[in-house]
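Taken in sequence, the protein lines are chains U and E.
Under numbering that gives the first Met the number 0, the residue at position 284 of the first sequence is numbered 283, and the numbers go up by one with no gaps.
Under numbering that gives the first Met the number 0, the residue at position 280 of the second sequence is numbered 279, and the numbers go up by one with no gaps.
Simulated from the structure, these hints should not be mistaken for laboratory data.
These numbers come from a predicted model, not from an experiment.
It is possible that some hints are incorrect.
Which copy is meant is left open, because identical chains are indistinguishable; a pair holds if it fits in one copy or across any two.
[Unchecked claim] Calculated pairs, SDA-like style, for lysine to any residue (alpha carbon to alpha carbon, straight line, at most 25 Å):
#1 K298 to E285
#2 K271 to G67
#3 K304 to A237
#4 K304 to E172
#5 K304 to F173
#6 K50 to M20
#7 K304 to T177
#8 K304 to W31
#9 K271 to R123
#10 K50 to D24
#11 K50 to G207
#12 K50 to D209
#13 K304 to L149
#14 K280 to E172
#15 K90 to W318
Number of protein chains: 2
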Amino acid sequence: MRVTVLGAGYMGSAMAQVAAMRGHDVRLWGTWLDDALVAAVRERREHPRLKMVLDQRVVPFGKDALEGALEGAELVVHGVSSEGAVAVLGKAAPYLPDVPILSVTKGFLPGGDGVMHRIDEAAREAVGRPVRFVHAAGPAKAIEVARRVLTLMFFASADEADARACASAVGGEFLHVTTSADIAGAEICSAMKNAYATGLGIWDGFVGPDCHNARAACFQQAVVEMALLVRVGGGDVATAYAAPGVGDLHVTAAAGRNRAFGEHIGRGTPAKQVASEMAAKNQLTEGYPAIASAWRWAKEHGVSKDDLPLLAVLHEIVWQDVPVAEALGRLRLST
Amino acid sequence: MRVTVLGAGYMGSAMAQVAAMRGHDVRLWGTWLDDALVAAVRERREHPRLKMVLDQRVVPFGKDALEGALEGAELVVHGVSSEGAVAVLGKAAPYLPDVPILSVTKGFLPGGDGVMHRIDEAAREAVGRPVRFVHAAGPAKAIEVARRVLTLMFFASADEADARACASAVGGEFLHVTTSADIAGAEICSAMKNAYATGLGIWDGFVGPDCHNARAACFQQAVVEMALLVRVGGGDVATAYAAPGVGDLHVTAAAGRNRAFGEHIGRGTPAKQVASEMAAKNQLTEGYPAIASAWRWAKEHGVSKDDLPLLAVLHEIVWQDVPVAEALGRLRLST
Numbered sequence: 000m001r002v003t004v005l006g007a008g009y010m011g012s013a014m015a016q017v018a019a020m021r022g023h024d025v026r027l028w029g030t031w032l033d034d035a036l037v038a039a040v041r042e043r044r045e046h047p048r049l050k051m052v053l054d055q056r057v058v059p060f061g062k063d064a065l066e067g068a069l070e071g072a073e074l075v076v077h078g079v080s081s082e083g084a085v086a087v088l089g090k091a092a093p094y095l096p097d098v099p100i101l102s103v104t105k106g107f108l109p110g111g112d113g114v115m116h117r118i119d120e121a122a123r124e125a126v127g128r129p130v131r132f133v134h135a136a137g138p139a140k141a142i143e144v145a146r147r148v149l150t151l152m153f154f155a156s157a158d159e160a161d162a163r164a165c166a167s168a169v170g171g172e173f174l175h176v177t178t179s180a181d182i183a184g185a186e187i188c189s190a191m192k193n194a195y196a197t198g199l200g201i202w203d204g205f206v207g208p209d210c211h212n213a214r215a216a217c218f219q220q221a222v223v224e225m226a227l228l229v230r231v232g233g234g235d236v237a238t239a240y241a242a243p244g245v246g247d248l249h250v251t252a253a254a255g256r257n258r259a260f261g262e263h264i265g266r267g268t269p270a271k272q273v274a275s276e277m278a279a280k281n282q283l284t285e286g287y288p289a290i291a292s293a294w295r296w297a298k299e300h301g302v303s304k305d306d307l308p309l310l311a312v313l314h315e316i317v318w319q320d321v322p323v324a325e326a327l328g329r330l331r332l333s334t
Numbered sequence: 000m001r002v003t004v005l006g007a008g009y010m011g012s013a014m015a016q017v018a019a020m021r022g023h024d025v026r027l028w029g030t031w032l033d034d035a036l037v038a039a040v041r042e043r044r045e046h047p048r049l050k051m052v053l054d055q056r057v058v059p060f061g062k063d064a065l066e067g068a069l070e071g072a073e074l075v076v077h078g079v080s081s082e083g084a085v086a087v088l089g090k091a092a093p094y095l096p097d098v099p100i101l102s103v104t105k106g107f108l109p110g111g112d113g114v115m116h117r118i119d120e121a122a123r124e125a126v127g128r129p130v131r132f133v134h135a136a137g138p139a140k141a142i143e144v145a146r147r148v149l150t151l152m153f154f155a156s157a158d159e160a161d162a163r164a165c166a167s168a169v170g171g172e173f174l175h176v177t178t179s180a181d182i183a184g185a186e187i188c189s190a191m192k193n194a195y196a197t198g199l200g201i202w203d204g205f206v207g208p209d210c211h212n213a214r215a216a217c218f219q220q221a222v223v224e225m226a227l228l229v230r231v232g233g234g235d236v237a238t239a240y241a242a243p244g245v246g247d248l249h250v251t252a253a254a255g256r257n258r259a260f261g262e263h264i265g266r267g268t269p270a271k272q273v274a275s276e277m278a279a280k281n282q283l284t285e286g287y288p289a290i291a292s293a294w295r296w297a298k299e300h301g302v303s304k305d306d307l308p309l310l311a312v313l314h315e316i317v318w319q320d321v322p323v324a325e326a327l328g329r330l331r332l333s334t
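Isolated chain U (complex conformation) (with noise of 0.2 Å):
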């Protein structure tokens, strides 16, 4: 099966690792951004974000070779970020086959309509028409995924045979993949995910060691607000409590960059100093931007602030400069 990747990033790269593994011809097309990862892969050398020398069947396409790099693809992974997704298959629309576009993108994209749009919706504006789109969520960092870790994934699509196809293509051993034809509740869990998690990191930061109750009763509080958010966006709030909700917040709040960089803001550094601090580090956060369109989606949504305690307080904390021992200590738990 040929499988053209979009995006040699992390998530990109860690999927054509698998699709090679499981036998497939990897074409791997690096935007403009990564120049020196698509460099690394075709020199055989170590991928810079992996740690590790990908598959031989993965053969790297540059920026200038999107047409090429898509040509009989039988199945497209999307592993542009969200701020490069729009323009990239913007430029990919007129070479996408009619194939499934399996996207490990996370976040909300404002449309044209100045509002906040779930990914799948975003691209099929972007594209210019329908697009086979398939979400990818769960609790999957990159990294582990490419080097084979037991991981749980969970593929959304409004047409379940589109994920289902997905799933036999990358999924098996090692790979767990479960479907769904939940794909809005499922973008809205991963959007969601990098804001609660960075709030948990808040948190955590905040109450400091040995609050094992605290920290519990805020990530159940994670919960209950993500599962209202998929129900207002017109998912299934089973969703929340699956792959994509409980699973991929527990794995984003227990370690990693936005947990990290939740956890200063919570012993009182602001946000905007920690924010340039890890960017000069070239550490990315995702979840700094993440709960501002979090919030901005929420309240497009009509979501009451009485009802996202936490993600009020958040929002005050990152965006608005309040300190966090007055907002924190302002939080009320709605469970």
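Please arrange chain E on chain U, whose structure you already have, making use of the hints.
Chain E only, in chain U's frame:
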């Protein structure tokens, strides 16, 4: 308000401390195993388990003063371990007033009919008449409750008014309490979470560090199985996704004796050996018997092994001496 607490161990004493902070007149009765604890409270020394001096409103009562301790009680807190519950409730029966009994005891108990029962069912049998049983669930480590760490609890009773009465007696600042009529779901979650938390410890010990995906996958599987068990036991699955389920599993799996017990097994030491080593250090491992009674309860309720793949392999590892790698290598997630 006069509050009588039965059992002077971790959780009984923590609830006595909370009731005292709320201004109640508190009587703390110790069982025949609690003499040293009662003596410490009487002499205003540090409580040997909670490592703190209790509020002076807590009046200790020794094992022979059960009748006096219960006289005039407007609320009874049942803080005896599941092993002692039937014996204590049988002794207390003649003196138990017709008031709510808030029970922090977790587990299942074999009844006179030879099958496993929830604690509220066992309590009714032990007392010999209907009791106004309120089950206290949720992520609440006793030491942290006593030290006023923000904690979320979930009180459930067949007549929710009794749960609300308990919530207004002890809930409030730092102890957030929600109430429910789903006593079946809450009790089942509380009984199951020690088994699953031990299982997550085994799993994490087995997969090792830097396997966050695998940890999250197993956490998710535990949530799915707990929801199934709640449904089979006549509870509301929503309870499994709330504080008694997801929340309590989070705190129990994050740290503590059950987790430590599991991790040693996951790294390859046989369960019997870990249990005896921990027993020699006076460390209680509730997860050990919890796996046996959870498995027995599930079988008595006709749940098949295929629907509980995680609990099934945990039972094999801990109670049937199946090597960890062999049992976990066979695990297929049902999520």
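Structure versus earlier hints - violations, ascending order: As far as the earlier hints go, 2, 8, 9, 14 and 15 are violated by this structure, in ascending order.
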